Amino acid sequence: MILNVNGQEHDIDVDPDTPLLYALRGELGLNGAKYGCGLGQCGACTVLVDGRAAFSCVTPVMALAGKQIVTLESLGSADNPGPLQHAFIQEQAAQCGYCTAGMIMRAEALLRRNNQPSEAEIRAAMQPNLCRCGTQVRILRAVGRAAAVIRTAAEAHG
Amino acid sequence: MRFVLLLLVALIVFGAGGCIWLGWYRAIPRVQPPARTAFPSAAIEHGAVLAALGNCVSCHTAPGGAPFAGGRAVQTPFGTIYASNITPDPVTGIGTWPEAAFRRAMRQGVDRAGDQLYPAFPYDHFTEVSDADDADLYAYLMTRAPVRAGVPANELSFPFDYRFLIAGWKLVLFRPAAFRPDATQSAEWNRGAYLVQGLAHCGACHTPHDFLGAEQSGRSLAGGEAQGWYAYALDHNAPAPVPWTADSLYAYLRHGWQAQHGDALGPMREVTDDLITAPDDDLRAMVAYLAAGRNSPLRHRPPPPPIAPPAGRGEALYRGACGGCHDNSRGPPFAGIDLAESTTTHAPNPANLANIITSGIPAAGEEREPIMPGFGAVLTERQTEDLIAWLRARFGAPDPAAGIAAAVQAARSEMTQREATP
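Sequences listed follow chains A and B, in order. Last residue of the first sequence: 158 in our numbering, with the numbers rising by one and none dropped. Last residue of the second sequence: 422 in our numbering, with the numbers rising by one and none dropped.
Worth flagging that the hints you see were computed from the coordinates, not collected in a lab. Just so you know, not all the hints are guaranteed correct.
Incomplete in silico selection of chain A near chain B, CB under 10 Å [what the hints assert, rightly or not]:
{"no.": "1", "residue": "T59"}
{"no.": "2", "residue": "A94"}
{"no.": "3", "residue": "G97"}
{"no.": "4", "residue": "A109"}
{"no.": "5", "residue": "L111"}
{"no.": "6", "residue": "G134"}
Note that the structure is predicted; figures quoted are calculated from it, not measured. The C-beta atom is built at its ideal place from N, Cα and C for all residues, glycine as well.
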């Protein structure tokens, strides 16, 4: 079947009930999304589907025909990080780092629909994703920082 | 022709006039907001328990707003009604209401100024609350922090925006009456009946309503509707595939979930959150009342489930999206509830299944409670419909294909609205 990932179409040969996460990592070599719990409870596998955050570990690929999937890889690279990635580095918002990719994608979904979120809105939006190291406060700060950067850029463009 | 027209005009004039005459209540004079010392602390404490049993805070609090300060939109078939501010603020709340005015609102559905109250405020139940309990509820509410918060004007279609017409509605459909105990029943049963029929107003959601918004007579607790959720029947038609017992019903009310029956969701979650402070004896009494008699949910005998799974596009979606948690032997809390035991998959209509699949079960604050991811972001309307159709057929829901499209549409528009509001 055809999967549209980060604006590119990929023809992959998998069972229709294969989780999107396996297709991304196994078939397409996109290793940003992580396997955490496999039950849609921790958020390490978060990607965007048509702009909304989704747990890729419990999303069968058969549901995704014609939908736009966005993964961490499209937000920037190590040499050229995007605003959210940059903010996570600036705030040192990682300890073991396993949740980070999912956190960034969850935040991306929020900032796409609301680039001036309040502290409460950030907390509510990030709620489904877990960090077991205790970096939550830094993560919240990083999301706030990225929002400010994105806002400033948007205003500069008029 | 002219005669018919005249008759019609006369009917309308006399009808409206009759409503005004019937609905004419004098205003009860304002008082200075009573001081906290005016109430014995035992009354305030008991009032707090009663307010929890009545779940007052749910309707009378706007999302994210101060408790009891009103403003929550209550959707009715006739339009939107905004719940009033029942904090003791003298301007926007009930601060200048004497106890007699509060009691009249509870007993008769008339406010301090003498205006008719809409039956969205369930005085058809509250009329049974005793004077002593009204006094304690009053003591509790009048000792909350006053919050100055106006409430939006109701958005009702003509002619329902005319309050005096409620008098006509009451003439036909409402009888103010204190609770009358049944001497042939136990004290516990009578306590349960008093709570279920009165303050706890279970029927406001769990009884089907007629086209005039009144509870259908003779169909008490036969299953109703609340804010886009189906409120399950609490009688012998209770759709639970695992028959209820008195103990499981009690546990469900006590904890907001029960291993074989799952989680209280939607408006019922607000009720069970409030019941946390309710006394054990009162919960046991409500169960004793509900469980007694020939219409008891304990008498429900579920039909056997279908032997072979049906064909359908939903099956692969089920395997891919649901099976990982719901189709294994681990069970809660390590995996999802067995859907063969779930009330949601066996309900007479698919509203709750559509809501849960679309929006999931969100984590509840700091509490240790069941959660489930929503699939509204990844499943299209059509895919959700396919999945529901298969689930309902698989687990033997009555009339499994009916009403699915409307239920999915409602669940998705609720999701979109929630995303749009910060």
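We went through each hint and held it up to the structure:
no.: 1; hint: T59; in the structure: holds (5 Å)
no.: 2; hint: A94; in the structure: violated (23 Å)
no.: 3; hint: G97; in the structure: violated (23 Å)
no.: 4; hint: A109; in the structure: holds (9 Å)
no.: 5; hint: L111; in the structure: violated (13 Å)
no.: 6; hint: G134; in the structure: violated (16 Å)
Of the numbered hints stated above, those contradicted by the structure are hints 2, 3, 5 and 6, listed in ascending order.
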